[in-house]
Every structure is written in C-alpha cells, then in structure tokens.
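A.B. asks: Chains as they are written, first to last, in this note's numbering: chain U, 303 to 443; chain D, 303 to 443.
Keep in mind that the hints are not guaranteed to be accurate.
Unchecked claim - Straight line, CA to CA, 27 Å or less: simulated DSSO-like cross-link-like pairs of lysine-lysine:
1. D/K359 x U/K366
2. D/K374 x U/K328
3. U/K359 x U/K374
4. D/K414 x U/K374
5. U/K414 x D/K422
6. D/K438 x U/K422
7. D/K422 x D/K434
8. U/K422 x D/K359
Simulated from the structure, these hints should not be mistaken for lab results.
Number of protein chains: 2
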Amino acid sequence: LIESIEKQSQLEERLNKANRTIQIQKSIVDQYEEFKLVFDGLERKYNGQTEEIEKLKEELAAEKELRSAAQKTVEELNTEIEDLTASLFNEANKMVATARKEGHALEVENTKLTEQLREKDSILEILNLQVKNLKKILQNV
Amino acid sequence: LIESIEKQSQLEERLNKANRTIQIQKSIVDQYEEFKLVFDGLERKYNGQTEEIEKLKEELAAEKELRSAAQKTVEELNTEIEDLTASLFNEANKMVATARKEGHALEVENTKLTEQLREKDSILEILNLQVKNLKKILQNV
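Here chain U stands alone, though its shape is the one from the complex:
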C-alpha cells in the first residue's frame, strides 16, 4: 500500500507537471493564432503593394511615352523653324534679286533715254544754227 501511495503521488506530480506544460503550450498556441492574424494583415498589405507597383509601372510607362512624344515634337519643331527660316530668307533673297534686276533694267533704260535726249539736243542746236545762218543769208540777198 505504501508503495502504491508513493507511486500515486509520483503520478500526481507528473500529471501536474504535464498540466503546467499544457498551460504554457496553450499560451503559445494562442499567440500563434494571433500571429496568424498579423500575418494575414501583412499579406493583405503586401498584395496591396503589389497592385500599387503594377499601377505605378503602368503610369511610368505612359508618362515615358508622353515625354518621348513631346521631346520628338520639340525636335520636329526645331527642324521646322530651321527650314522655315531658311526658306523664307531664300524667298526674300529671290525677291530682292528680282527687284534689283528690274530696277537695274529701268536704270539702264533711263540712261539710254537721257543719252538720246542729249543727242537730240545736239541736233537741235545744229539745226537752230543752220536756220539762223540761212535767215542771215536771206536778209543779205
């Protein structure tokens, strides 16, 4: 009986120890449950970020396209300005050349006409002299 009682008290002690272990483990298991919720929260945030990254990448691609389109337009406009300036100056130069040519032709014409006038004046002078002389001769007849 004594042996039996001793064994019983040993068993009781082991049972108590086991129960304490169960208590400690239970609190860890409870923590685990809470931790799972924390994990779920983080996972949701992670998935949210993944979406955000996708969106940002799309936005960035769109922005890059707009930027390169605008920069291409800048290049085209610069070329246009060069071409425009060149062609307008070209036109202007042609017009100046034409105007000068026409002006020159008229000046040549003027010089010629002035020369002709001078010649006529010389002839007139000679004729006037002739008329004068003839009249003198007639008076003396």
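Given chain U's structure and the hints, the job is docking chain D onto it.
C.D. replies: Using the frame of chain U, we list chain D on its own:
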C-alpha cells in the same frame, strides 16, 4: 488497496491523455516556429516592395518633370514659329513695297523722258521743215 489501484489507473490514463495533448500542442508550436520564418520572409519582401515603391514614385516624378518641361518647350516653339513667320512675312512685305516704290519712281522717270524725246522730235521736224523751206527760197533767189 483496490481503491488505490483504481485511482492509480485513473491517474495513468489522465497522464497519457495529457501527454497526447502535449504531443499535439508540440507539433503546433513547431509549426509556429516555421511560420515565423515564413512571416520574416514576407516581411523582407514587403520592405523590399516599400523601397521599390519609393523609387518608382521618384522616377515617376522625374519623368513628369521632364514631360512637362518638354511640353512647355513645345508651346514656346509653336509661339516662336508664329512670331517668326509673322515677322519674316512682315519684312518680306516691306521689301516688296520698297522695291515697288523704287520701280514705280523709275517708271515715272522713264515716261517723262520718253515724253521729252517725243517733244524734241516734234521740234526737230519743224526745224527740218524750216531749213528745207529756207533752202528752197534761196534756190529761187
């Protein structure tokens, strides 16, 4: 003694049950440890994403700045093209007007000279006639 033995067997059963519970809980606690590693991995990935988002946002801001700068340049160049075209046409028109004015003055001058020549021709004709008549008179004297 019988009572004692019975109690002992009860205790043994409870102890076995407790040990089984401990085993089950232990496997859950082990799972928890593994799960913590999974959590750490996710947390690292989450932090990595947070950095990536920062970088993408910076890149996007830079890209937007470049884009709006390029678009501003496009506007400026369009204005420049308008102004340039207007001022060059203006210049060209002035040049045309000047050229026409000069040409017109020369034409007026030409008309005047031509008119003068015609007058001289008339006078010459009259004088020639006079000379002819005077010569005829002299022959008959």
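A.B. asks: It remains to establish, for every hint, whether it holds in the given structure.
C.D. replies: Each hint tested on the structure:
1. Straight-line distance between C-alpha atoms of D/K359 and U/K366 comes to about 13 Å, which keeps the hinted pair within the 27 Å bound.
2. About 67 Å separates the Cα atoms of D/K374 and U/K328, which puts this hinted pair outside 27 Å; it is violated.
3. Restraint check for U/K359 and U/K374: the C-alpha separation of about 22 Å stays at or below 27 Å, so the hint holds.
4. For the hint linking D/K414 to U/K374, the alpha-carbon distance of about 61 Å lies beyond 27 Å, and the restraint is violated.
5. Note on U/K414 and D/K422: the hinted pairing holds, with a Cα-Cα distance of about 15 Å set against a maximum of 27 Å.
6. For the suggested pair D/K438 and U/K422, the alpha carbons sit about 25 Å apart, so the restraint of at most 27 Å is met.
7. Distance restraint check for D/K422 and D/K434: the Cα-Cα separation of roughly 18 Å lies within the 27 Å cut-off, and the hinted pair is therefore satisfied.
8. Between U/K422 and D/K359 the CA atoms are separated by roughly 94 Å; this puts the pair beyond 27 Å, and the hint is violated.
Against the hints set out earlier in the document, violations occur for numbers 2, 4, 8.
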